[in-house]
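Novice: Sequence lines, in order, name chains A and B. Under this note's numbering, the letters of the first sequence match residues 6 to 117, in that order. Under this note's numbering, the letters of the second sequence match residues 685 to 799, in that order.
If you are wondering where the hints come from, they were derived from the structure by calculation, not from laboratory data. All figures in this text were calculated on a predicted structure; none of them were measured in a lab. Don't take each hint at face value.
What the hints assert, rightly or not - List time: in silico DMTMM-like cross-link candidates among lysine to aspartate or glutamate, alpha-carbon distance up to 20 Å:
#	chain 1	residue 1	chain 2	residue 2
1	B	K754	B	D710
2	B	K780	A	D23
3	B	K780	A	E49
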Amino acid sequence: GAGVSQSPSNKVTEKGKDVELRCDPISGHTALYWYRQSLGQGLEFLIYFQGNSAPDKSGLPSDRFSAERTGGSVSTLTIQRTQQEDSAVYLCASSRTSDLQFFGPGTRLTVL
Amino acid sequence: AQTVTQSQPEMSVQEAETVTLSCTYDTSENNYYLFWYKQPPSRQMILVIRQEAYKQQNATENRFSVNFQKAAKSFSLKISDSQLGDTAMYFCAFMKGTSYGKLTFGQGTILTVHP
Numbered sequence: 006g007a008g009v010s011q012s013p014s015n016k017v018t019e020k021g022k023d024v025e026l027r028c029d030p031i032s033g034h035t036a037l038y039w040y041r042q043s044l045g046q047g048l049e050f051l052i053y054f055q056g057n058s059a060p061d062k063s064g065l066p067s068d069r070f071s072a073e074r075t076g077g078s079v080s081t082l083t084i085q086r087t088q089q090e091d092s093a094v095y096l097c098a099s100s101r102t103s104d105l106q107f108f109g110p111g112t113r114l115t116v117l
Numbered sequence: 685a686q687t688v689t690q691s692q693p694e695m696s697v698q699e700a701e702t703v704t705l706s707c708t709y710d711t712s713e714n715n716y717y718l719f720w721y722k723q724p725p726s727r728q729m730i731l732v733i734r735q736e737a738y739k740q741q742n743a744t745e746n747r748f749s750v751n752f753q754k755a756a757k758s759f760s761l762k763i764s765d766s767q768l769g770d771t772a773m774y775f776c777a778f779m780k781g782t783s784y785g786k787l788t789f790g791q792g793t794i795l796t797v798h799p
């Protein structure tokens, strides 16, 4: 497809379980971003990758959160030992230029 | 750190009328970008319009235009001839003008267009 894709669309998990969220950026986009959208905190930056540079992890809320980007393309956001406050929509975006980010449809995570 | 404030949690407008959404921001940067994104119920964030801080001319995209007041750190969005499809959450966002970087978002404004 032409846009950013994310999977799964929805994920329900039990407290304490680990989850993996996937993002496929637009082909040719060198930068990839993760954001979290929750009722209490609004839209927050989590992490971004740009080419071969070290990722900017400054937005990750705790060490339970990690992300990797393999081969400069697909990215996986992993949340270990999920808590109820992790319930949110996780949005991925990619960009080819420095100023225009294109977003995917998001993954809604519900932690019971 | 940058902050973005949208003071209108909800707005409504009649179809075909004009509505203005407010946004203010705080930054010590001189080089930056400002954006308005639209998020309909589908959750897909869609870029509406973009403004480069060094450009004095206000950006326009068809029915969407901005009023960028750099000194006042204000960046409002005007939607003309509102359509039912404009119903969505609108986010104002800031990005430092370095090469690649995070977006800082406002709290969002829910806009409802009534027939």
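Novice: Against each hint, give a clear statement of whether it holds in the structure.
Specialist: Status of each hint after checking the structure:
| no. | hint | result |
| --- | --- | --- |
| 1 | K754/B - D710/B | 10 Å, holds |
| 2 | K780/B - D23/A | 34 Å, violated |
| 3 | K780/B - E49/A | 16 Å, holds |
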